[in-house]
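Colleague: Here the protein sequences come in this chain order: H and W. Numbering follows the working numbering, with no gaps: position 36 of the first sequence is 36. To get the working numbering, take the position in the second sequence, counting from 1, and add 805.
To be clear, the hints were calculated from the coordinates, so they are not data collected in a lab. It is possible that some hints are incorrect.
Taking lysine-lysine pairs in the DSBU-like style, the calculated list, with each CA pair at most 35 Å apart, reads [claimed, not checked]:
1) H:Lys59 x W:Lys898
2) W:Lys1085 x H:Lys319
3) H:Lys531 x H:Lys734
4) H:Lys628 x H:Lys537
5) H:Lys374 x W:Lys864
6) H:Lys374 x H:Lys350
7) H:Lys319 x W:Lys864
8) W:Lys1085 x H:Lys374
9) H:Lys59 x W:Lys864
10) H:Lys262 x H:Lys77
11) W:Lys898 x H:Lys443
12) W:Lys898 x H:Lys4
13) W:Lys864 x H:Lys107
14) H:Lys335 x W:Lys1085
15) H:Lys107 x H:Lys77
16) W:Lys863 x H:Lys319
17) W:Lys864 x H:Lys4
18) H:Lys107 x W:Lys1085
19) H:Lys262 x H:Lys350
20) H:Lys319 x H:Lys335
21) W:Lys898 x H:Lys74
22) W:Lys898 x H:Lys319
23) H:Lys734 x H:Lys577
24) H:Lys107 x W:Lys863
25) W:Lys863 x H:Lys374
26) W:Lys1085 x H:Lys4
From chain W, some residues computed to sit far from chain H (all C-beta separations above 12 Å) [claimed, not checked]:
27) Leu872
28) Gly885
29) Gly890
30) Asp906
31) Gly941
32) Glu1017
33) Asn1049
34) Val1092
35) Arg1136
Ideal Cβ positions, reconstructed from N, Cα and C, are used throughout, including at glycine.
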Amino acid sequence: MSVKEIFETMEYGPAPEAADVAVAWLERHGRRFGHFIGGRFVKPAAGETFATYHPGDGKELAQVAQGDERDVAKAVKAARAALPAWRDLGGPGRARYLYALARHVQKHARLLAVLEALDNGKPIRETRDLDVPLVARHFYHHAGWAQLLDKEFPDYEGVGVCAQIIPWNFPLLMLAWKVAPALAAGNTVVLKPAEFTPLTALLFAELANEVGLPAGVFNVVTGDGLTGAALVDADGIDKVAFTGSTEVGRIIRRATAGRGVKLSLELGGKSPFIVFDDADLDSAVEGVVDAIWFNQGQVCCAGSRLLVQESVARRMEAKLVARMETLREGPSLDKGIDIGAIIAPVQLSKIERLVEQGRAEGARCYQPSWSAPKDGWYYPPTLFTEVSPAAAIAQEEIFGPVIVSLTFRTPAEAVELANDTRYGLAASVWTENINLALDVAPKLKAGVVWVNCTNQFDAAAGFGGYRESGFGREGGREGMFEYLKPRFEARLARYSSGDLAPPAAASDLGAGLDGGHGGAVAFAPIDRTPKLYIGGKQKRPDGNYSYPVLSAAGARVGDAPLGNRKDVRDAVEAAVKSGAWTQATAHARAQVLYYVAENLSARAPEFEERLRSLVGGTRKAAGREVEKSVDRLFSAAAYADKYDGRVHPTPMRNVTLAMNEPYDVLAVVCPDEAPLLAFVSLVAPALAMGNRVVAVPSARWPLPVTDLYQVFDTSDVPGGAINIVTGVRDELAKVLAQHDAVEAIWYVGSAEGSAMVERESAGNLKATWVNSGRARDWYDDAQAAGPEFLRRATRVKNVWVPYGE
Amino acid sequence: MTMSREVDLRLEQAAAHAAPLPRNDGMALELDWVEGVRVNLSAVERRAATLTTRRSVKKDWQAAWLLKAVTLIDLTTLAGDDTPGRVRRLCAKAMHPVRQDLLDALGVGDLRITTGAVCVYHDMVPAAVAALRGSGVPVAAVSTGFPAGLSPLETRIEEIRQSVAAGADEIDIVISRRHALTHDWEALYEELRLFRQACGPAHMKAILATGELGTLRNVYKASLVAMMAGSDFIKTSTGKEPVNATLPVSLVMARAIREYFERTGSAVGFKPAGGLRTAKDALAWLVLMKEELGRRWLEPDLFRIGASSLLADIERQLEHHVTGRYSATYRHPLG
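Could you put together the complete structure from these sequences and hints?
Modeller: This is the structure in structure tokens:
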């Protein structure tokens, strides 16, 4: 076209970014890459390779190594070998390396950006302006955490060798999110990049060598899902960090169960994008562009469910339809495009299938009049309206440039629709009314809430999900904890077999009636029947069985109700319904906990007597347990309004509020020893943070806890805030771990029980905290109280609120 | 479809886009519409920041776009020391803004490229009219107590009349900022109605002085009121405010124009003024107009750029495009 013609048409024309430097880098390697293990590229054990392609034209970029368990073992061994020196280097020593990595990412920013755009197919604008700057920022930020580690996390140490598995949608950025905190905390890494996008990780490995990172600190094993599975299964790993699909997240949860492997999962999403009628609609339209037409919609936190208030729904829809026309789709290296190619044919057909299904289900489908390029794996931006919440396109994660639109009438209905999903990664809220925005944000079940913006990321702010979007955070102080563990943990002794009550066999039920099992109970003047405590009421167990409670000396002290799965169901139901406890102010919760302490203290002699009758020991020892329990209640009450959130200083004009939010329902399974103190130490901080708790007390000695009901009743504890089911620990724990309405579970018991809880919690991917069969000292405040419990009792929600007038 | 047929079709479409439009006659003041305006500063800034990173115009396309920018410039002199001689020189430049050899090299020697208009103070209108006679380049006069707009209303209206009588084709009026700042939209509307009446056949370009309006919401509302009152163009600034045309302000005004067009069917023009000095700036604003308002808003009847030094930079870029060497200012005739 001539200048004269362009002068008339005023079209944009092509604006290609040169690929020559990236191509030269590929050529230097003969377009063939091994694994990066122990500081150098090595050939795969089996000698197998596979191709990685440019999605913009479907052409092969290079052959990379297909890793198997031998390659993985070699990498883990290298990481293990490098660990002591890297750990002993100390935070400030490691900070120098992280700083150098940040600098080198900046020095080679354009090469990284071009290579990423080639391998992934996303627009060069995004890799150049978003991915790579965020990568550098992440290493800078974590150089800081390394420097400050001893001061800011004095009682923590690194977990060890970290297995990290990252997705193809933000290959280099996800590498940074995983590697930077791991290295800062003194861990070494084996990284498995996604099969579709291994190249920037390999280039990064060269940068690591360039800055002199000690060999073995950072290793890359490339390959497909099997390689990832081999890495997860490998002996000698201490932590798995995974970003990817919920389906694979579940597999990893089960595969790591019981191995004492720390786990963080960042999984799928179907994030709501809520537009209220007082929003700046033109800006909200651009928000949708950034939400779902960013990275081709292949973003785990993409705003893919548009919820629009009815009064502005038609206007919003018209604006969106018009806006789609001006989007430009094309080769990733064109500097003038908005949308690149879909990662692979398999993903493209998934999108096509779901869109077809949406059409078939009767939703109205809008696509722009222009057609997507044909020479690569392209899909046009797509908007569905008249979608019912039950439609597959409204429920399933499409992971493509497809948004579905629903309407709502009131803020309450918006929240209800927004939360009507098993996911909970992110949400976006558009309104010019700050009262509305700050009312809605805490009600949304999502780890990140963006007010009048979307897809904002920064190293200083945690990112991660609620519900089946996973657990753990990446970024910020909250993210550092995923790569740290309390120092005392390594010193904890294992329970010996006699420490935990054996499971009650059916033959034990009703036992003691014949004079066996410790003989008859010495009744109090009037018989007392311990029951379950559900919804603020004492309830008989569903099965109406009791089991004998024996003292340490073997005498039968009484009977306890034998709770079963229906009792657990009822207890969880009561907890679900008692939202008032969560909504109460922290001050009000503190008052209740102080009151519980006060009433427990007033009845101390009675509890001492009970404890002595069970545990034995001196009066003084029993007195100490009661006294310490009162103290723990006081501490929890004290913390209720002091375990603050934070305002993260993210680099834009906004406040990023990191709010510590409770789980809706948290299950606590207690050990046998210290039956009162362990229960209180676990339950009190959970309550203080606003969780509604379903607790299984000491199976062996539940009576001090069943005695507590009256204390709760007289201390203004609202019904349903704490629910107690006595019975066989692991049986009840299993029902709790499997229950989809329980969002977190703490388990203190056997190693087998810990494994079972981790495995069974894969259903809804609840957050777990288990002791792996190790015994804490409940009298040691360092082990049995403090911020770790509060952190475990909460999840961090980051709310981004830009401001400016 | 063959390539040339495709181009032909696109050219036809472009020609259709350039068809003359009816003037915006305005409408009754609709306060509900004005009061319902919402603008989120941070979100507007984000969009403005990525407008220029999402689009890139290179090589022949860049040359064509820069030529287009030349045709959109209101070549301006608004200085206390303006003289008829100075204005005649400016008009000569407006009629021949780019060296003919460069135009020939670009293959557009026959396009009669001129700037969009020449913009002067009232006293300079006769000199400009005389100098531009027969060229087709319109004369624009700043008016109504430019730049502060604080002289008596009657005086301001009379000033418009005299400039029109002197031959000005376009009148760049300034609004009373106080009306916008106190949200007295009726007063603003009435004032602009009177101005528009006084303009008669001359086109009215309403300068909002956005740098003095405090918030983008005020900018949007003032834009709406100015259009309701019958402005042919809305214009950001006098060039004398501390902050003149910015991309966020321009984005908000463009969105107001779009909204007004969608609701009334009347197309209103946009003129950023002050602060656009480089070829890169010009491309940024062209992208903004194309993205937010579409191809039709890239013609001088709907888009002008108020600038004095911009042209010199564009000339140098065009020469670079032709020769492949970076150019020097002195190689291009002064205005």
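Colleague: Now tell me, hint by hint, if it's right for this structure.
Modeller: Right, here's what the structure says about each hint:
1. Distance hint between lysine 59 of chain H and lysine 898 of chain W is unfulfilled; the C-alpha atoms sit about 52 Å from each other, more than 35 Å.
2. The hinted pair formed by lysine 1085 of chain W and lysine 319 of chain H meets the criterion: a straight-line CA distance of about 29 Å does not exceed 35 Å.
3. Note on lysine 531 of chain H and lysine 734 of chain H: the hinted pairing holds, with a Cα-Cα distance of about 21 Å set against a maximum of 35 Å.
4. Straight-line distance between C-alpha atoms of lysine 628 of chain H and lysine 537 of chain H comes to about 27 Å, which keeps the hinted pair within the 35 Å bound.
5. Distance restraint check for lysine 374 of chain H and lysine 864 of chain W: the Cα-Cα separation of roughly 25 Å lies within the 35 Å cut-off, and the hinted pair is therefore satisfied.
6. Distance restraint check for lysine 374 of chain H and lysine 350 of chain H: the Cα-Cα separation of roughly 17 Å lies within the 35 Å cut-off, and the hinted pair is therefore satisfied.
7. Between lysine 319 of chain H and lysine 864 of chain W the alpha-carbon distance is near 33 Å, which keeps this suggested pair within the 35 Å criterion.
8. Taking the CA atoms of lysine 1085 of chain W and lysine 374 of chain H, the gap is near 33 Å; set against the 35 Å cutoff, the hint holds.
9. A C-alpha spacing of about 27 Å is found between lysine 59 of chain H and lysine 864 of chain W, which places the hinted pair at or below 35 Å, so the restraint holds.
10. With a CA separation close to 18 Å, the supplied pair lysine 262 of chain H and lysine 77 of chain H stays within the 35 Å bound.
11. With a CA separation close to 63 Å, the supplied pair lysine 898 of chain W and lysine 443 of chain H exceeds the 35 Å bound.
12. The straight-line distance between the Cα atoms of lysine 898 of chain W and lysine 4 of chain H is roughly 22 Å, inside the 35 Å bound, and the hint therefore holds.
13. Between lysine 864 of chain W and lysine 107 of chain H, the direct Cα distance comes to roughly 28 Å. Compliance with the 35 Å bound is thereby established for this hinted pair.
14. Note on lysine 335 of chain H and lysine 1085 of chain W: the hinted pairing holds, with a Cα-Cα distance of about 15 Å set against a maximum of 35 Å.
15. Taking the CA atoms of lysine 107 of chain H and lysine 77 of chain H, the gap is near 31 Å; set against the 35 Å cutoff, the hint holds.
16. At most 35 Å may separate the alpha-carbon atoms for a hinted pair to count; lysine 863 of chain W and lysine 319 of chain H meet this at roughly 29 Å.
17. Of the pairs offered as hints, the one joining lysine 864 of chain W and lysine 4 of chain H holds, with about 13 Å between alpha carbons and a cut-off of 35 Å not exceeded.
18. A distance of roughly 26 Å separates the Cα atoms of lysine 107 of chain H and lysine 1085 of chain W; the hinted pair therefore holds under the 35 Å criterion.
19. Note on lysine 262 of chain H and lysine 350 of chain H: the hinted pairing holds, with a Cα-Cα distance of about 33 Å set against a maximum of 35 Å.
20. About 25 Å separates the Cα atoms of lysine 319 of chain H and lysine 335 of chain H, which keeps this hinted pair within 35 Å; it holds.
21. Between the alpha carbons of lysine 898 of chain W and lysine 74 of chain H the distance comes to roughly 74 Å, so the proposed pair goes past 35 Å and is violated.
22. Between the alpha carbons of lysine 898 of chain W and lysine 319 of chain H the distance comes to roughly 42 Å, so the proposed pair goes past 35 Å and is violated.
23. About 22 Å separates the Cα atoms of lysine 734 of chain H and lysine 577 of chain H, which keeps this hinted pair within 35 Å; it holds.
24. In summary, the hint linking lysine 107 of chain H to lysine 863 of chain W is supported, as the alpha carbons are separated by about 26 Å, within the 35 Å threshold.
25. A hinted pair counts as satisfied when its Cα atoms are at most 35 Å apart, and lysine 863 of chain W with lysine 374 of chain H qualifies at roughly 24 Å.
26. Under the criterion of a C-alpha separation no larger than 35 Å, the hint pairing lysine 1085 of chain W with lysine 4 of chain H is consistent with the structure, at around 20 Å.
27. Look at leucine 872 of chain W: its CB is around 6 Å from the nearest CB on chain H, not clear of 12 Å, so calling it non-interface is violated.
28. Even its closest Cβ contact with chain H, about 35 Å, leaves glycine 885 of chain W beyond 12 Å, as expected for a residue assigned away from the interface.
29. Listed as outside the interface, glycine 890 of chain W is consistent with that label: its C-beta sits roughly 33 Å from the nearest C-beta of chain H, beyond the 12 Å cut-off.
30. Non-interface status of aspartate 906 of chain W relative to chain H is upheld: no Cβ of that chain comes within 12 Å, the nearest being about 15 Å off.
31. Non-interface status of glycine 941 of chain W relative to chain H is upheld: no Cβ of that chain comes within 12 Å, the nearest being about 17 Å off.
32. The claim that glutamate 1017 of chain W lies off the interface holds: its Cβ sits roughly 15 Å from the closest Cβ of chain H, which is beyond the 12 Å cut-off.
33. A cut-off of 12 Å between C-beta atoms confirms that asparagine 1049 of chain W is not in contact with chain H; the least separation is 20 Å.
34. Non-interface call for valine 1092 of chain W relative to chain H: violated, since the shortest CB-CB distance, roughly 8 Å, does not exceed 12 Å.
35. For arginine 1136 of chain W, the requirement that its beta carbon stay farther than 12 Å from each beta carbon of chain H is met, with the minimum near 20 Å.
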